[in-house]
Every structure is written in structure tokens, then in C-alpha cells.
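S.K.: We have chain A; now place chains B, C, D, E and F onto it with these hints.
Chains as they are written, first to last, in full-length UniProt numbering: chain A, 1 to 288; chain B, 1 to 288; chain C, 1 to 288; chain D, 1 to 288; chain E, 1 to 288; chain F, 1 to 288.
Treat the hints with caution; some may be incorrect.
[Claimed, not checked] With a Cα cut of at most 27 Å, we get these calculated DSSO-like pairs of lysine-lysine:
hint, chain 1, residue 1, chain 2, residue 2
1, B, 276, C, 276
2, B, 23, B, 283
3, C, 71, D, 71
4, D, 71, C, 75
5, F, 286, A, 23
6, F, 286, F, 23
7, F, 23, F, 283
Hints listed in this document are in silico derivations from the structure and should not be mistaken for laboratory results.
Number of protein chains: 6
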Amino acid sequence: MTPSQTATILIEALPYIRRFAGKSVVVKLGGAAIDQELDRALAQDVLLLRSVGVRCVLVHGGGPQVDALMKRMGKAPEFRDGLRVTDAETLEIVRMVLTGKINRDLVATINREALEEPVAVGVSGEDAGLLTVTQRDPALGFVGDVQQVRASVLHRLLDEGLAPVVSTIGADAAGQPFNVNADEAARAIAVAMAAEKIVYLTAAPGLLEDVADPSSLVPRLTAAELRDRIGHESISAGMIPKLRACAEAVEGGVGTAHIIDGRVPHALLIELLTDKGIGTMVKMEKDW
Amino acid sequence: MTPSQTATILIEALPYIRRFAGKSVVVKLGGAAIDQELDRALAQDVLLLRSVGVRCVLVHGGGPQVDALMKRMGKAPEFRDGLRVTDAETLEIVRMVLTGKINRDLVATINREALEEPVAVGVSGEDAGLLTVTQRDPALGFVGDVQQVRASVLHRLLDEGLAPVVSTIGADAAGQPFNVNADEAARAIAVAMAAEKIVYLTAAPGLLEDVADPSSLVPRLTAAELRDRIGHESISAGMIPKLRACAEAVEGGVGTAHIIDGRVPHALLIELLTDKGIGTMVKMEKDW
Amino acid sequence: MTPSQTATILIEALPYIRRFAGKSVVVKLGGAAIDQELDRALAQDVLLLRSVGVRCVLVHGGGPQVDALMKRMGKAPEFRDGLRVTDAETLEIVRMVLTGKINRDLVATINREALEEPVAVGVSGEDAGLLTVTQRDPALGFVGDVQQVRASVLHRLLDEGLAPVVSTIGADAAGQPFNVNADEAARAIAVAMAAEKIVYLTAAPGLLEDVADPSSLVPRLTAAELRDRIGHESISAGMIPKLRACAEAVEGGVGTAHIIDGRVPHALLIELLTDKGIGTMVKMEKDW
Amino acid sequence: MTPSQTATILIEALPYIRRFAGKSVVVKLGGAAIDQELDRALAQDVLLLRSVGVRCVLVHGGGPQVDALMKRMGKAPEFRDGLRVTDAETLEIVRMVLTGKINRDLVATINREALEEPVAVGVSGEDAGLLTVTQRDPALGFVGDVQQVRASVLHRLLDEGLAPVVSTIGADAAGQPFNVNADEAARAIAVAMAAEKIVYLTAAPGLLEDVADPSSLVPRLTAAELRDRIGHESISAGMIPKLRACAEAVEGGVGTAHIIDGRVPHALLIELLTDKGIGTMVKMEKDW
Amino acid sequence: MTPSQTATILIEALPYIRRFAGKSVVVKLGGAAIDQELDRALAQDVLLLRSVGVRCVLVHGGGPQVDALMKRMGKAPEFRDGLRVTDAETLEIVRMVLTGKINRDLVATINREALEEPVAVGVSGEDAGLLTVTQRDPALGFVGDVQQVRASVLHRLLDEGLAPVVSTIGADAAGQPFNVNADEAARAIAVAMAAEKIVYLTAAPGLLEDVADPSSLVPRLTAAELRDRIGHESISAGMIPKLRACAEAVEGGVGTAHIIDGRVPHALLIELLTDKGIGTMVKMEKDW
Amino acid sequence: MTPSQTATILIEALPYIRRFAGKSVVVKLGGAAIDQELDRALAQDVLLLRSVGVRCVLVHGGGPQVDALMKRMGKAPEFRDGLRVTDAETLEIVRMVLTGKINRDLVATINREALEEPVAVGVSGEDAGLLTVTQRDPALGFVGDVQQVRASVLHRLLDEGLAPVVSTIGADAAGQPFNVNADEAARAIAVAMAAEKIVYLTAAPGLLEDVADPSSLVPRLTAAELRDRIGHESISAGMIPKLRACAEAVEGGVGTAHIIDGRVPHALLIELLTDKGIGTMVKMEKDW
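In isolation and in its complexed conformation, chain A is listed as follows (with noise of 0.2 Å):
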């Protein structure tokens, strides 16, 4: 690259860096998106932007490594409507695996690209109250809706230094513990820290037009036009929690909502510091 072409980026950059410093970044991965590689890309993008200043915090979920163990045990995973139900026995085996095992490893992994000293810290929804629920359903057990997240154990970490990893594990009012989407827990929890952004990673490049043509990329839109589209029949029902999700974030006063493509190493990099980014990005008002 030409010294002119490179100046284009930093000064292309620079601005945004600015803008973000101080500001609040939520991240959710999904279980299926782990890679050891690309978690490996997530990290260095995590640490970066955490040393110029962006709060980054990393929300996970973990369908399919729960399913793993539950097998492991003898014990059949059940779904309604996409839901899992989860009995006692279930919900010991999703925060085990989330906490015990999925949450550790990213901990682990962002430790281990840390340059100069560990800054990740695992935090479960249960810890000083940061997840309030309650049940959503009798029949699906131990799942639960959040009402309240305490922004402040996070904001708390954060002003440390410290990078927080959350497992969507909350509690209710009398202690019990329940298993929450992790989609609507990330948008709950930037919600309440006011946070600059939100970003989905997930596996496809965005929010497509035509669901078999990756070309169709939407690049932008506004909250309402994405409540339009979401019940569209192009749009695939795994996408519809996340769509619905960005909607209400925005919404409720996160600046953007992002879906990109976490198989594209340092996705989240791209998205925050360039003018074009990457992926569909969502706002309340068509400012672009």
C-alpha cells in the first residue's frame, strides 16, 4: 500500500477511535460461531480497541456445546417452539457448560493474546445481581425473561481495565437460577449500559435482501424499516431473534445495532473503524 493509501485509513480511523473512546461495545457470539480461530481474531480485535479506550464486553451463548454434554450424560435435549425446556437437571448442565466450560475458554483465550497482563474476566448473570429474570413459561422450566441488569458490575470491571465475558445465566428475586436467551440478554444488557453499540456475530454476512444471493447485503436501515422486514418470508428464523433484538436495542437508545459476519476474521474491527464496515448496521434515524 502507498503512504497516501495508508493515511486514508488512519485518517479514516481516527475519527472513529475518538468517537468510541469511553463508549460501551457489546459483543455476542453464538456457540455455533466458535472457532479456535477466529476467537482467536475476536480477541486480538477485543484487546485492541480496548487499549485505545472502547468498553468492550463479550456476551456468549452455547446451544450445541449444552446439547454435547447433555448427550455426554444420557440426557435428551427437548425444544419448544426453539426454546429449550429446561428441568433442574438441564439448567446444572447449561451453567455448567456456559460458565464452567464455553465462558472459561474465551477468558482463556483473550488471556492468552493479552500482551502485557490478563484482563478478561468471567462474570455469570447470577454475580452481585447483574441478571434479574423471571420465569417465562411453567412449561419450559427454568428459562427466564431479564427485567433488570445491573449495568454498574459491569461498568464497575470496566473502569478497572478489566474485559468482562457473560454467561446468560440470571436469577430471580428469591435466588433461583435461570437459563436466558443469549441474544435477548446481550441486547438487555446494552440496553442498560447505555452502550454505544451492539454487535451480533453470527454465520452469514449480514442481513441479505435474497437469503441465497450474499450480494444482497443491506447495508443499512432504520429500526422501523427492519420491523417491516422482520416478518418477511426471505428472512430465515434463526435471523428473527437477532432482527428483533437490534430493533429494540436501537430502540431502546444503544447508538447502532450491527449483524456481520463473524467468519470474517477481525469483523468486528472492520465494523467500528471504517467508513463502509461490514454487515447490515441498524439506527434509529436515517442519518447516512
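M.R.: Then chains B, C, D, E and F, alone, in the frame of chain A:
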């Protein structure tokens, strides 16, 4: 009780409360001693002590529960010289049980007892580099010895008014997780925190002159006297690591080390706030 | 006492300690109740409470001692409606006795009991404008009613870790000193400090249903109930000003007012740190 | 006066104001010199100096007034080598007169002159351990020598913008009060406070070459020169303790010691804020 | 002078010193009044006032010096209604003379007089957006009116203990520099700083009833009275802008505005620190 | 550019941004290199770097512009050994041109480019004693060598978020102004500020092996290697002072010294934020 008796206890307790305010106390509880009712009483003690300014850190083990899950998963626990041989799969199970189950249950118990707001947070030795370890012996697999404790991680949580519950999984410099003996980890943490006290909750009244006679309790001894006894035949094998850890703790600067009976409800409170105490206390110098 | 009994008292006391930490408590003791042994116990209570963060202010009277010096100097005390007629010379004697003798003796007693360093300081209502008064009635001479309390004078001393002992001599706007009734001054101070409690130490168990029957103690009542009783014939004349002051204190925002038996050693400690208390407690609302 | 003369005085005074801002000045006034009009002028000086940041501490004696009350109470004052023989009853009288009368009168005078809010507070050497003493000689009874000054007591009051007036009653380690010579106490306080100046207000123009000739004033001398003169016959007996105290003060680190004429209104202001000053100044080194 | 006269001046000055400590005073001096000896006296006044906490800002003009350089460079100054017609080249010359010569000389003079360390700094209205202006009239070229003053620029320098000297070149929103009338700029700065005083140093004793009679000085008047006089024939044309600026300053919230004789050495000090002052004082309300 | 190329540049730049955040960078630009378009690019670089926390100080010379004004005023510039002979009148012209014209133009350019608010402020070495100098040689007149730099003047401006632009006029201890060589002044400032970098913008690509061959750039060398070359014939005379200043800077503790091509737009940004950089870098130790 008469007003005079009540006054006597309060007059006795208040100077201790004052002395320990702002000081750190590390409490180790074992997997074996865990019982729901006692856990509740312990949770209350931790919350009461915290309410008057004592900085309590709980450190837990969990051997029996690890054995249970391993058996459930069709894996036979293996020990060498009392230490668990820990291959990669065993490590993953230990990590899931300690950080994903026992730690979570303790956090949930304390938060349930908290009158105002949840204050307990789970912490793993991997978080933010809390416990840096080195491998003890390749034959034992992923079993580590604590090389360094980043006490600031705990102090910052305590500064925020939180009550940390620590699982003793550490990581080596390259980020590889290791299983760590909880008695030793608690001692290393207490020394690094410059704690005022370390308290081991056990299933015995303390150190006994005659292990068969519960009335033969040794109420106080110096670290040197304790070292003299360690090799002694009257000492049960299971007690030796705790005794050694007590000696090392006070030699390392911890004010006093205590072995008390975890089966007595509120043993922690009584030990800290009365002249007579309960169990065995170890100090560097004989000043009684 | 058994460990369990001890634990019960501590578990009862700790929440009070927490609740009162950082709160102000004004304690009024009369000249009549002063006895060296009880003073020592009171001094200990003040120091213990202070050691756990309670901000104690002592306010004292001293009628009998004033009479004694007047007689020694050949001057006959004169009273009208229970109030001392105070000419210029009497004022000078009152001032000398209160600030130069009783206050000094209390300060000395507390400082003698202090384990670490002397913390008691004498304060007169004239110091830094603590008590601004107006003349009550020319016929009474230099007898004043409190118009304004500069509570910051006491708060600043408490902030420094000191224990103020207040003599109730005030000054009017022109700087002329006046004698002030100590029960009323204590109430005015407690209100101005937004104190949590005001405690009157008396030579009776508290408010009695039947003044002849010490077992007829009224343990709790509201300010309104107290006002109803004040005119009642069962009330001794000497108790009326204290009862009125209690009602005015809680009506003025003080959390609770107490009349307790100053002849019981450590009555203050027991009243503050046990559920049952000792003596009579007055609150605004009936919440028991 | 012409503008030019006015400018000259101001240009002379401002650097002193700047130099003394934030510095401590201890002013000793004797019982003998006390006169209402002069007290008012002194109170004004203290308030003016305080308003530009000088930290003034007044220390007072009160021999004549003690004698008066003793006589009134039918007790004959007794002296040995110029020191008051102080039995328990005398001590009580001294304490009442100093802290309950003279101190109070000075506090009242300053507070009356204060334009904005009362700032004077009375302090006894017994308060918060200000003056720790040891008995000088059993034959003298309760007469003490200052062993230690807790200067922080005064500094904290000054930090709060208050003007302390100190009575020189001290206490020994066991809390027993003692009478202390005010000239010496003032010196000890100035040294402990690391004061910039100590000023003795006397009934003489300063140190005179010839005690009979008021024009023979010695305007400046070093501590060594002063020590040379102390034994000299030209020095009046009453002046000796002050001269010795001046020498000890500057040897102890006080910037300068002054003996000035308390009968000249505003002598303190003139001494501090003009090049020429008034009275006698003592310094460690001759730098004039 | 006698001690009593000295005391009188000091007692008079100290309350002013106290009142002005921490307050801002803007002093305008004109190019015409500049004389090396007077500048030295002014520099001393500024430094003395600063030493007792007054926050002085000097604002200067420089018409005669601009004319001199223009002539030297073969350019004829041109005026319209008393305002300099300012083309691009003239602007460059004005800027060089004001910021590169007069400002520098004043900074150098103050720094030379400073006893401890140099505290004067030159500031142009262009620095950090101090003076934002708009063009007055195209026919006048680059002559601007102050629209906004960023007073924080000066307050921050004063907070650092520095003494700013301001050249009155401003810039419009697009960054184009403009020449600004110094009398008006000083007024705008004083209003924006919420200054206690603005002082105009002139070549006259102040406002005279009869311009031919120096003894006809008007010592005090209100802004309204001043406005009444402005159109009056007795007022010299050159004085009008200053009078108008005085009225606008106090109407804009400045405590008092002063027109004093810059030819009297130390006029500033005398005006600020004596009851009688020198020159003419303008206030909003008649309170004398 | 592809996302991957963009990511590469960002991943490269972010660690530099982090490393330089809070660090000082002194940039010297010469009178000769000044061109409006390049000045704008430089102003943008300074603002971008400032926005991510780099503390930039610009230092400028201005020989050609001084010559121009001197000629305009009919005065012939005179040089001895490359140094301007500076009589009193020349000094006044130099001062007017540097502080009244070039400095002002740079301040205006930066403030014009600032998106939010004007941040540039002009500073002369005379302000607040920034540059204390001594005369180099009476034959050269008012030409000074920097003896002392009061770096706190610049640090305080940077702490306030301002961007100082420095003219290199200094003053001696008596306050007499002197002209100072800008290359040397920049070096002295960088050393006194403990700057991370000093950057010389020149009209050459950097240090060339063969001055006639622009591709013979020496990208990195140690201070010792640089000193070896200084005497070498391949070095142009005009480059020698810069090379010497670079060596002295890194020997004086500045992290790195750079000579870069001021004619390349955004050269400063590229040099600071890319691995490869542009121009020549000098370090104390060879660590590449």
C-alpha cells in the same frame, strides 16, 4: 440473658469489630463440609462481617462433587499421593464442577441471604490472572502450584463492596489452565492479600492433642510449635495439608490462621468476635 | 454462655452496628446522675460506639454542682417555675462550673478510658456560634432559648474522629452569653444534626405507667401517644421536660428518642445494640 | 496621607501577607495585660490576619483572676519560686477560671468582632490530648511541664477556618489534669506547630537595653545574643521566662519570636506587616 | 508615619484583600499611556495583587505603535469615525505590533519584576478561540465586534497562577483574524469572566465635571447616571468609548468599573485597596 | 482496499496509538517548508493525533519571512557562520515576525481545521519563563542558547487539551529577549518534556546515503552511528544542525528522533502510526 451478660458480649465483640474493619479475611471451605443449612449460616456470617467492614474472601474446593460427575460420565477418578491425576478431560470436568456448579451454588446462597442487594461474585483463578501456576509434576497432568497471586483482582472487588467466591483453577504463563489444591491456593491468596486472618472450616473441632478426644483441643499455638507437631503420629493425614498451610500463612505475614469446626453454625462469627473463640489459632509469636 | 447464645447476640447486634455507623447519636446526661463508676461505663460505651462508626455527642447539665459553688461563694440560688434566675454573677458561676468543671471532668474521664489516643473535646455553645439563643424572660435574667444550632461545628469535630462534650451555654446575636436548659439544648442539637437518636439518661427506668411500679415500663410509644400522656397526673414533674423534648425531637426529624436508666451500667450500649433494649423509646410512627 | 504614602505601606505589607498566608502564628497574652479595649483591638487583628490566611492561635494565662477567685472562696494563693503551689482544690479553681472564664471571655470578644460568623473556639490542653505533661515537682503539687503537644488538634481547627483560644491546663498520661505555665505552653505549641512566629504581648515595649529607658529598645537579636543577656542584671525577673521561651522557640524551629507591647492598639498587625515592626524580634541567624 | 496611621491603612486594606481574593480584575491600558516607569509600577501592582490572590488580566491596545510601523513601511494609516480602516496588509501589521511587540514588552516587564518566577504569558484573542468576532462594516475592512469570549481560556491560565496579557486580535467563525477595539474587548472579557472589576487606566484623573478642572472629579456614579452624561458636551470624545464600556460592564454583571489615572504610580493598588480610591467608580446601584 | 488490508493497517496502527497516548511529541517545522496545503494536512495530523491522546507541540522557525520584512523595512540581513547577527532592531523584527505573524498563522490554520473548538494557542519562549537563555557570542548580538526549559508551561497547556505552537524567542535571567535557533530549541523542549518523539519536518526524504539519490534513504540508525556520519562529506551543511539535534535529543532521553519529508502530505501521521514509517529514525539502542 441479662442486660449485663449482653453488655459483656458486646463489649468483648466491639473492639474486634473495630480491629478487623477494613482487614481481609480468607475463609476456605471444603467440598466435604458443604451442607445447605451450614452454608446458609456461613453466608450470613460473611454478610454480617462484611456489613461491619470486614473484607471476606471465600475459597472453596470440591473433590467429592468432581468424583460424582466423573462417575456419571463414566470416568474413574485416579489419585497419586492424595492428588488427583488430571488429564485434559478431567481438567475440563473439574473446571465445570468448581466454577460452573459449586462456585455458582455458593454465590447463589450468599445472594439469597443478602438483605439489600446481591453482593457475591464468582471468580476463577483464571480471571484477570488471579492465580498463575506452574505444573507440579508431569505424572499428575494438569495439577499446578501457585507461583503468583494478583491480589489486586480481589481487592478491587472488595473495594466495590462485593464478596468474591474463588474457584481454585489457575493458568500458567501460556494460558493453559491447571487444577490447584484449594488449601494451598487459599494460603497463597491470604499471603498475597496481606490478610489479617485465614480460616479453615473443617469437619473437626480444630487441632486435637488426641484425635480420639474432642475435648483435647489445642486452642493456640505458634507456627513453630505447629511445625513441630506436623510430623507427629497423632495428626490425621487429612489434617496435615491444612496445618502446613496454616504455618506457611502466618510465616508469610498473615496475622493469624485458624482451624475451626465448620459443623458448628456461625463458627466463623464466634471465632472472630469473641475472646475465647472456637477451634485452634496459630500465630507467629506467643503473645497470649 | 454457649457459642449459640453468643452467636445470637452478635447476629442481633451486627445489623444495628451497621445501621448506626455514620449516624449521629446525642446523649444527654444530667448533673444529678453523675457518678464516677457510671461515668466510666458511659465513657466506655461512647468509645466503643465511636469505634464502630457511631457519631456520639454528649450534652451535660450540672444544676447541683452550680448550687454547690454558689453556696460556697455565699450566694443563694433562686428559682422561678423551676428555672434558675440568672444574674450576671450567677451566669459567670454557671459558666465556670459547666465549662470549667463538669465538662472538663467528663472530657478527662473519656480520655482516661480511651485505649489509643484522647478523643474527647469540650465544646461550649459559645464556641464558633454553636448555640445562638434569645432571652426567654427578662425576669429570669440570662436564661436563653435556643434559636439556632450550627451543627457543622459538631459534625466537623466528629469527622475528625473526635468525641464532643457540650456545655449548654449559648450566646445571643450580640455575643452576650446565656444559660440554656440542657434537655432542650440536647433536643435542639439532635434536630439540627439530623441525628438518628437522642438518648436521655435519667434516674428512672424510663416512662412508667405507674410511677410507683418500676415494672410498669412503657417500652415504646409514638410521639402522639407521648403528647397525650404529658398532661397526665401519673407523670412526675421532673420528667415532663424530658418527655416534651422527646416528642419534639422525633417530630423534628430525629429517628428515635429514648429515656433510659442511667443507673444501669452500659445502658446506652444495650439500648442501641439489642432488639429488646432498655427503657422507653419514642418514634414518629408505630412500626413495631 | 498622600496616595504615595498609602502605596508605600501597601507595597510593604503585601509581601508579608503573602509570606504569612497559610503560616501559623502563636500569640501569647497574659492575664495582666487583659483590658477590654485592647482585647477588642487584638480580636480585630486576629480576625484580619485570619481573613488573609494567617493561622492565628491565641494562648492565654490568667494569674490575677485566679488569685481573685481564690480569695473570694477564702483560699490564700501560695507561690514558690514564682510558681503557684497547686493543690487539688486550687487546680479546680485554676481550671474553672482559665477554661470557664478567661477563655470564654476571649472567645466571646472575638466572636463579637467577627463580621460574618463566629469563628473563635475555646480549647483546653486536656482536649483530645493537646498538652501531655509531667509533674514538675511534688512540692508544687499539680504543676506540670509540657512533654508533648498534639499540634494536629489545632491544625485541624485552623483548617476548618476556626480561631482557637487555648487554656494551658494539660493532663498527664493517666489523665490527671495539671496547671501549666502559659509562656512555656505557648512556646511548646509554637514549636510543635512549626509556627512561623510566636508573639508575646507584654506590658513593656520589648527588650530594653536600660529597663528605665523606653527608647533603649533592642529591635532585633539572635537567639544566641538573647541567651547571653538573660542572666544580665538589666533584665527584669518577670521578663526572664519570656526571653527564655523566645530563645527556645527559635532554637526549636519557629521562624521568629517577638516580644511586643500589648498596650499599643493593633501592635500585632503592625509587627507582622511592616518592615520596621514594633518591639523586639528574635531569630536564629542574623540576616538583617 | 506613626504606628497608628500604619495600622489605619492596614485595617482598611485587609478587608479589601480578603474580598478580592479569588476574584478577577480586568485592567485595560492603552498604547498611549505606556511609559517604562509606569509600566514597571503597574507590573508590580499586578504581581502584588496576584500574590494575595487577585486574578488580574491585562488587556492592551497599541494605536500609536501601529501607526509608527505603518509609516516606517510606507503605509498611511486611515481612519473612519475614529476607527482604523484595516485592509489585509494593515491587519498583518496590527497583529505583528500588538502580539509581536507591545504584548511581548508587557510580558517581559512583568516577568522582569517577578521576584520568584516568570508568571506573565501573552495571549491573543485568536488563541483557543478566546475572542470570536463578526465584521463590523465591510467599509472598515478587518475590524470586528466581539460576539463571544471563551473566558475559560483565561480562567485556566489564572488557575495555574499565571498572569495573562491579552492582545485584542480576534477571529471569526471561519478563522479569519480581525482587529478589535481594546476598550470594548476588555469590557467583553470582564463580563464573560464575571469579573469583580474592570479598570481603565487613562491619561486623565477620571471623569471630570469640568474637563478643564482636574479637581472636579466625579468619584462615584451609577451606570444610569453615567449613561445620562455620555451625550453631555462636557465629555471629551476620547473618553466616550471608555464611559460607554464602563456602563456596559456593570450592566453586564461586573461588580464595579473604574476609570483611573494611569499616570499616577500604583494607581491600581490604591484604587483597589483603599476606601477613598482614586479616579471614578461606576456601580449598578448607589450603595455609598 | 480489501477488508483484510484495512484490518492489517488498523491492527498495525492501534498499538502505536495506545503506546503514544499520553506521550508528548515535539514537531519542528521550518519557515522554508511552510506551504498552505501542507500546513493544513499537518494541522489535521496534529488534531487527529491529539484526538487519540498524543500531546503534540509544534515548534517553528521563520528565517525567510524575517528576511522579507527586514528588506521591506530597508534593513539588510547579516549572517555569521550561518547565524543571524541580531541587533536590537533586528531582534524586534524577528520577534514580530515569529510571534506576531508565523505563529499566529499556524494557530489560525489549526483552529480553522478543528472540528469542535479551537485548541491551538501561541506561546513564545518568553511566556512564563518557557525558555531561559544565555548570550552565545557578543559578536552575534541577541542570539541565545537555551539554558533551561520550563516544560511545565507546555504540559499544563496540554493537560487542558490545548495544542501549543511555540515561537523560539527566549529571555535571559534579567528578562532581556534573545533569538534562539529553532532546531535547537525544539530539541531542548523535547528533552525537558521527556518527550517520546521529536520530529523534524524537512524538505528532504530524510538522511540519504547519497544526497543525490532519494532512494538511498537510511531508515534507522543509532545516535552513535549518526554522530559518526555528521562529519561525513555526504551530509549537506543545512542538514547538520538537525542531525546533531537528533543525536542530542535521544542522548537526552527522548525516545526517538525523526527526520521526515515535510513535503509528503500527512507524513507525520504515517511516521507515527505505521511499522515502516517514512524518513529516518534515530534511537539510542539498535533494537530493530
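S.K.: If a hint holds in the structure, say so; if it doesn't, say that too.
M.R.: Cross-check of the supplied hints:
1. B:276 x C:276: 26 Å, holds
2. B:23 x B:283: The hint holds at about 17 Å.
3. C:71 x D:71: 15 Å, holds
4. D:71 x C:75: Since the Cα atoms of residue 71 of chain D and residue 75 of chain C sit roughly 15 Å apart, the hinted pair holds (cutoff 27 Å).
5. F:286 x A:23: Distance of about 39 Å is beyond 27 Å: violated.
6. F:286 x F:23: Holds - the C-alpha atoms of residue 23 of chain F and residue 286 of chain F are around 22 Å apart, at most 27 Å.
7. F:23 x F:283: Roughly 17 Å separates the two Cα atoms, so the pair holds.
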